[in-house]
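Visitor: Take a look at the letters that make up each chain.
2 protein chains.
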Amino acid sequence: MYYGSIEAGGTKMICAIGDENGNILDRFTTPTKTPGETVPLMLSYFMNKAKEGMKISSLGIACFGPIDLNKSSDTYGYITTTPKTAWMNYDIVGEFRDTLEVPVGFDTDVNGSLLGEVTWGSSKGLTDVVYLTIGTGVGGGIMSGGNLVHGMMHPETGHILIRPVASDPYPGRCPFHNNCLEGMASGPAIGERWGKPAAELMDKQEVWELESDYIAQALMSYILILSPQRIILGGGVMHQEQMFDLVRAKVKEKLNGYIQTSELDNMEDYIVPASLNDDQGIMGGIKLAMDALES
Amino acid sequence: MYYGSIEAGGTKMICAIGDENGNILDRFTTPTKTPGETVPLMLSYFMNKAKEGMKISSLGIACFGPIDLNKSSDTYGYITTTPKTAWMNYDIVGEFRDTLEVPVGFDTDVNGSLLGEVTWGSSKGLTDVVYLTIGTGVGGGIMSGGNLVHGMMHPETGHILIRPVASDPYPGRCPFHNNCLEGMASGPAIGERWGKPAAELMDKQEVWELESDYIAQALMSYILILSPQRIILGGGVMHQEQMFDLVRAKVKEKLNGYIQTSELDNMEDYIVPASLNDDQGIMGGIKLAMDALES
Chain D
1 MYYGSIEAGG TKMICAIGDE NGNILDRFTT PTKTPGETVP LMLSYFMNKA
51 KEGMKISSLG IACFGPIDLN KSSDTYGYIT TTPKTAWMNY DIVGEFRDTL
101 EVPVGFDTDV NGSLLGEVTW GSSKGLTDVV YLTIGTGVGG GIMSGGNLVH
151 GMMHPETGHI LIRPVASDPY PGRCPFHNNC LEGMASGPAI GERWGKPAAE
201 LMDKQEVWEL ESDYIAQALM SYILILSPQR IILGGGVMHQ EQMFDLVRAK
251 VKEKLNGYIQ TSELDNMEDY IVPASLNDDQ GIMGGIKLAM DALES
Chain Y
1 MYYGSIEAGG TKMICAIGDE NGNILDRFTT PTKTPGETVP LMLSYFMNKA
51 KEGMKISSLG IACFGPIDLN KSSDTYGYIT TTPKTAWMNY DIVGEFRDTL
101 EVPVGFDTDV NGSLLGEVTW GSSKGLTDVV YLTIGTGVGG GIMSGGNLVH
151 GMMHPETGHI LIRPVASDPY PGRCPFHNNC LEGMASGPAI GERWGKPAAE
201 LMDKQEVWEL ESDYIAQALM SYILILSPQR IILGGGVMHQ EQMFDLVRAK
251 VKEKLNGYIQ TSELDNMEDY IVPASLNDDQ GIMGGIKLAM DALES
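These protein sequences, in sequence, are chains D and Y.
As numbered in our numbering, the first sequence has no gaps in its residue numbers, which increase by one up to the final residue, 295.
As numbered in our numbering, the second sequence has no gaps in its residue numbers, which increase by one up to the final residue, 295.
Don't read these hints as lab results, they were simulated from the structure.
Any given hint could turn out to be false.
For identical chains, the list gives no copy identity; a pair is met inside one copy or between any two copies.
As the list claims (entries may be wrong) - The list that follows gives simulated cross-link-like pairs (lysine-lysine, BS3-like), each with its CA atoms no further than 27 Å apart:
no.	residue 1	residue 2
1	Lys33	Lys250
2	Lys204	Lys254
3	Lys55	Lys204
4	Lys252	Lys84
5	Lys84	Lys254
Let's have the full structure, built from the sequences with the hints guiding it.
Guide: This is the structure we're talking about:
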């Protein structure tokens with residue numbers, strides 16, 4: 001059995017074919033232009049692979065947002081109010097379902113990454129997990145009680161309010177909330193605050209002290225609200241390895257002993273990097289495809 | 001069929017007997033002293049009712065916390081690190097299960113209230129709901145995807161960090177986090193900040209403007225993290241009716257159009273008071289009992 005997977009991102013589209021163990025058997029990557037330019041290339045990929053004998057039984061799409069996940073909505077399966085205007089109100093699920101004639105599973109990119117990690121990564125078997133990515137933007141996927149959280153739409157965890165540190169004059173860059181988490185802690189915010197790209201600031205301890213404070217504030221809220229068994233941090237900013245210990249220490253300091261669990265006693269195992277070599281999203285898409293076929 | 005319900009609170013214990021429609025057929029209230037003093041009275045209530053023909057088939061306990069909800073834990077069913085020291089490490093589930101010889105359902109008081117509201121209240125049928133109570137303390141119950149959220153323990157939503165308003169010099173009163181939501185917005189915090197009890201401050205507009213700002217900040221985080229279909233606000237502070245419109249307006253202002261859903265377009269129906277005349281907790285206990293019997 002072959003499953004199709006798409007990790008639909010703002011800069012590139014990854015298409016892949018995988019098996020029921022999450023193995024990626026083949027993949028194709030193309031830049032995200034307009035639907036008219038990009039989608040035909042993606043469809044051709046799956047159709048050509050079918051001719052070669054790798055016909056997919058179903059497809060999973062882990063997609064940048066915001067998206068409509070409400071199955072009773074008229075616009076279920078659409079990318080909705082994205083600032084990428086060419087993709088606004090685009091029926092991505094319908095396009096692939098109707099052309100490839102397979103069941104299509106659909107979720108946010110971050111829920112997809114989380115699903116990959118709990119299905120085939122080091123968080124396998126956990127039921128309550130937060131996956132936060134800190135890069136160009138900040139976004140989070142959430143699983144609660146074994147279900148990916150959707151609610152009225154889907155989480156937008158990157159935009160929660162954090163407390164600006166008194167010594168930080170940076171006003172934030174979120175067009176909606178100025179100094180929310182994404183406004184203060186995204187890669188571009190780091191670059192703007194310090195006057196050069198994050199990658200060139202690796203040896204500046206004060207950069208990462210401040211950054212880890214903002215991330216720890218957000219993690220404190222996630223912990224108090226969701227009580228997750230684990231938090232996975234991904235994205236470009238978290239490729240700065242020193243960040244993990246800084247964030248762990250600050251989360252502990254901020255919680256200040258209020259919550260006592262065996263999970264929090266073992267911070268190394270509580271706040272962890274992604275474990276699937278940046279394939280967590282596309283592997284999550286395989287699982288979305290498997291679940292779509294079953295339902 | 002009769003179901004037993006206990007709403008175990010820090011100041012009083014409410015015991016009740018109900019039916020499968022959530023009707024409360026009988027109730028008994030006693031002050032919360034020590035387990036040795038209080039629990040025998042509660043047990044006697046249920047045993048006497050059994051003799052009168054109202055023998056319960058199962059029991060639900062909606063309990064002040066923190067509590068252990070992990071069924072694979074050795075201390076499942078215990079009240080754990082509560083500041084009410086007489087109840088610390090008390091096996092409340094075991095005591096009632098072993099003496100009354102019935103299945104016992106168990107959850108937090110706030111999850112119990114939420115369960116009452118979604119089972120028999122105006123939020124019937126919703127699957128993603130936050131129930132926040134703002135009174136002596138601040139606490140929240142959460143349902144996500146139809147399941148009450150437990151995770152590694154249970155939510156402690158009252159302790160998230162909010163941003164102190166610049167004009168508010170009050171330092172907060174939470175012993176763990178000083179100026180977290182509970183530290184800044186509980187009833188006692190209002191009293192301490194303004195020098196008299198909240199009930200005597202009803203006509204002071206600035207009191208409720210500030211209070212609603214802190215609550216709205218917290219609601220913004222819950223909305224961005226959980227994407228709930230509705231938020232129910234209960235507790236003494238929310239008996240100030242003018243609070244609802246203030247909170248609704250401030251939530252809208254803070255989200256600033258970032259999330260667009262039909263739910264948020266209808267704020268009157270999105271941020272609502274509890275609907276069960278303060279019986280939501282004890283009615284939730286009935287549902288916990290029904291679920292315990294089924295499983």
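Visitor: Can you name, in rising order, the numbers of the hints this structure does not satisfy?
Guide: Violated: hints 1, 3.
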